[in-house]
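Student: Assemble chain B onto chain A, guided by the hints.
Just so you know, the sequences run in chain order A and B. Residues in the first sequence are numbered from 4 upward in steps of one, following this note's numbering. Residues in the second sequence are numbered from 17 upward in steps of one, following this note's numbering.
Derived by calculation from the structure, the hints in this document are not laboratory data. By construction, the Cβ of each residue, glycine as well, lies at the ideal position given by its N, Cα and C atoms. Worth double-checking, as some hints may not be accurate.
[Said to hold, decoys possible] Ranges between beta-carbon positions, derived for each pair:
(1) A:Arg-771 <-> B:Ala-88: 18 to 24 Å
(2) A:Pro-74 <-> B:Leu-32: 53 to 59 Å
(3) A:Leu-652 <-> B:Pro-115: 37 to 43 Å
(4) A:Glu-611 <-> B:Thr-105: 42 to 48 Å
(5) B:Leu-32 <-> A:Arg-771: 30 to 36 Å
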Amino acid sequence: MAEIEATTGGTLALALPFIAAALAPILKRIFGAYAGWILALAPAAAFALLFSFLPTIASGGVVSFGYDWIPAFDVRFSFRIDGLASTFALLITGIGTLIVLYSGGYLAGHRDQGRFFSFILMFMGAMLGLVLADDLMTLFVYWELTSITSFLLIGFDHEREKARRGAIQALAITGGGGLALLAGFILIREVAGLNSMSEILAAGDALRDSQYYLPIFVLVLCGAFTKSAQMPFHVWLPNAMEAPTPVSAYLHSATMVKAGIYLLLRTQPALGDTALWTTVLPLFGAVTLVMGALLAVRATDIKITLAYTTVSSLGLLVMLIGVSTEYALIAAVLYLIAHSLFKGGLFMVAGSVDHGAHTREIGKLGGLAKHMPITFAAALLCALSMGGITPFVGFLAKEEIYHALEHGDAYHVALMAAAILGNALMFAAAFIVALKPFVGKLPETIHHPHEGSPTIWLGPLVLGVLGLLGALFYETYHQLFSVPMASAAVGAPVEIDISWVPHLNLAFALSLATIVLGIVIYLASNAIRTATSRVLSAIGWGPDHGFDQAMRGLLRFSFFVTSRLQSGRLDYYMTVTVMVIAAGLFAPMILGGALPAEPSMPTLYFYEWIVLALILVGILAVVIAKNRLTAIVSLGIQGFSIALLFILLGAPDLSFTQFMVETLSVVILALVMTRLKLSPADHRPMRETLPDAALALAGGAGLGLFLLSIVQRPFDPVLSDFFERYSYPIAHGHNIVNVIIVDFRGVDTMGELAVVMAAGLAILALIRIRAGGKTDVQPDPMETTP
Amino acid sequence: MRTVIFRFTAPYLTALMVLFSIFVLLRGHNDPGGGFIGGLIAASAFAIYGIACGVVAVRRALWFHPMAISGAGLFFAVVAGLFSLFAGTGFMTGLWIFPVFFGNEVALSTPLLFDIGVYLVVVGGITSIALALEERDTD
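With the rest of the complex left out, here is chain A (with noise of 0.2 Å):
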């Protein structure tokens, strides 16, 4: 297998998008709407570069590249495209040209447009990245970089609470999965000792016969199906909609929601083939998909319909995914490519069908076929590939499908069955979005129906006209596609060699009956929406309400917290931090024997003597001190005569800074109580002070215990010798302290002089709030003085 080296061209396509992001405001604000296409090189630029890898792809080589990060725990920035790989970054670029485009038209006189620009070629960026990833930290970097600009294009209509709530939902959600997805990773890294994804590949065995394989599987799991939305997860993909329209077609249906099954085929052939895995996967896949098309047909919203249909189709490819065969796989893969055009060009056609018509619901829509034939053409190419019909790309996958389930068992013919049903409810809201807007007759609700401008109906048209081409020419199509991504995913070569032309088989058959289901369920759409909408209003909660139910319950709960702690009150405060400073003083000194022996009784000059009664004088003041003034200025005392004993035992430079401190201290203390005009004694009863007494005796005994301990233990001069020896000759300073401070532990002092600022600000922000919340902003002096 041939394994190639492109730093340049590999870096150059991940760099692009992100390049053109940068660039999108400042070029909208020269060429307004037609800055779409000169972004929209970026994208295609990109796509030319990693289609130049293809011939070394499609003969079953890869090509990689990388950079150093940390080397230390042998992190690497590192990237490696095989077919899996090559066939993800292909749509993602592909598409994204179109989706440029698009937005360009679409959203033209948008006064936010280049932001929006910006937003999507840093999802694309974000995107590439995460599937062309070797490296497990670099893939999760890029993981969550696509919930984050996900984040962003959701709520790019920021003023309306529903894209707001929605674009919250959405990162709450897949957010959480990537927390989950990282845990997975790091067991992983674990268990395998390894980094990267083709390394871990390979240990596939040592990962499988893990004590921490389940933990593993969960854990990556949830990562994968919070962000290819599958049943109870999928909530956040309806809710996206929100987003403009070619955010829809491109993260909602395209790329992103993708990412989880990317992760999935990915990490098959390391984790998958185990009875967990073919059991969980399938069952959550099956549910989701019916239940997703059921949810489709329901919705009167056309964006809405393919949102879930979206939700179906992930649901699908897990499914497949979970089984696991060789076919189930090809299966996948061929769905997979199908979908992204299928259901990204329908999106764009919603989107054209809003901006023609300006609505999307389908009771209001009808008759467009006459005003925007361009966009019902490309409408009808999408819907007939996603309701699987010859000769489009939308029947190979069917038909892989039905040969990957055909076997007599229960298991298989369970999700057959699931597979029937839904892919025949699929059929049936590829046309309720696709033709029940065109045909009929033009309600009068609806003023001058339009053909948007040509980049409004190329994105759709293209896609359509692709997922034709695909399967006429199916040779070159399996070659340079779904054979490498196949065979990557299997993780052996594979050979498929489906094409457009029926076999009379069993896989044909059930594709006759899929879309004879379909047709009577088009047919009777309205009857299942009335229904379902009954079952669910009976039901009358699902996990949309769950996640509010669940955020109002987060809220509640850190407000009791919050509340508990947070008193406000400064006696509480300070009884609390003395509290647990007592404590944590004495329980490890009394738990672990470590009391100090006692000590001996110290010889000392007569005027140390001095020193000392003046501190127990200076304490003995602050006590019985009848008023608060009294008692600060003896607090001084006190730390003054501190400051003198620091002198006698030669520490000039900390009595110095003591008693700097101490005036300052005294000073600030003073123009505190004036300030605060609390009244100029403590009137507390005693049974009040006396705890407080307690407390405070407790504090000081275990601090003084403490150091006592600390004194009698034999002295290490490792450090204060380092810094004798070297003070001089490297740092050039004789003062020891300062060296330390300004050069030893510099990084130090610059975290504690941000502390002193943010303090300073915090102070001064809480002096000018007076008390009942009025702030009291005084004219500055300065801005009067010239």
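Tutor: For chain B alone, kept in the frame of chain A given last:
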């Protein structure tokens, strides 16, 4: 507090203390002193001036808002750390030059710049707190 004698002597006292604080700052690398102590001395100097002559006078004398002085200090401290970037060494590696002015060798270094940053942060932070607290006394 605002006796005539105090009000008359306070500006001179403040000037002397600020001068002394700069002396303490600069000698700090080899003798007791440094940016932190110097900053505290200067801050108490301004506090005294404020008590004697009022907050407005201090603010006018300082010219900049104390918080801006603090911010400048933090900026200097970070810049002092970034110098080593150009020398190709790790962040905050001390760099020294010894130029000769009028026959005297003067030691200039990034730790000195850093210490000046410490000084300014402390002066600015504490002065702004003290002034804000004193301000209420005037109304």
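Student: What are the numbers of the hints the structure violates, in ascending order?
Tutor: No hint contradicted; all consistent.
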